[in-house]
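Enquirer: Each chain is listed here by its residues.
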Amino acid sequence: EDQVTQSPEALRLQEGESSSLNCSYTVSGLRGLFWYRQDPGKGPEFLFTLYSAGEEKEKERLKATLTKKESFLHITAPKPEDSATYLCAVQAWGNTPLVFGKGTRLSVIA
Amino acid sequence: DTAVSQTPKYLVTQMGNDKSIKCEQNLGHDTMYWYKQDSKKFLKIMFSYNNKELIINETVPNRFSPKSPDKAHLNLHINSLELGDSAVYFCASSGLGETQYFGPGTRLLVL
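Line by line, the protein sequences are chains A and B. Take any residue in the first sequence, count from 1 to its spot, add 141: that is its number in this note's numbering. Take any residue in the second sequence, count from 1 to its spot, add 176: that is its number in this note's numbering.
Chain A extracted, bound-state conformation (with noise of 0.2 Å):
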């Protein structure tokens, strides 16, 4: 069965401190791993797709990286507005749904 599992539950960081969100997975053949934001009240927003081992990709303050069994969400120098809930999720090859994993609740401090 695939699993998706993130680390930590809850993250609290001062604005400015840079950290990781760390997505362990275990899927039967990936197809993507995705990571998606999620604001209080409203519905996810996708911000990457991994599809490779070594793969990385950059959007503002935000890198994500892949392994085989594992991706990481690198958080540098981050703002108050990047506080929110941030899911993974895998999906495998053939005509299959997302597995999320629960979020990690993301704050940022000023």
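Source of the hints: derived by calculation from the structure; they are not laboratory data. All the pointers check out, no bait thrown in.
Reference excerpt, derived from the structure (chain A facing chain B, CB under 8 Å, subset only): (1) F187; (2) T226; (3) P238; (4) G244.
Beta carbons: idealized from backbone N, C-alpha and C, even for Gly.
Given chain A, put chain B in place with the hints provided.
Expert: Using the frame of chain A, we list chain B on its own:
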């Protein structure tokens, strides 16, 4: 211009009632999905339709029935609502095998 929209945004109803949630996407995608996010914020797939055909049907009570009148719309009808159905329901869409884009969610509260 909203890409994936859902109505209503909030739904408060009594146990035993029947209710529907509507979803529309203007992205030209072939595949649409319904997800349920429970009180612990865990997001889980319920159904997936591709070009109006059901392709994924996870273990969901048969009180839940999706309907896709065309590939831009996917509605969710729920019969005989129970307390445990209280959750946020998200619609999403994608090109086949591509990134999924989510709607704003429908918050259902069953009293």
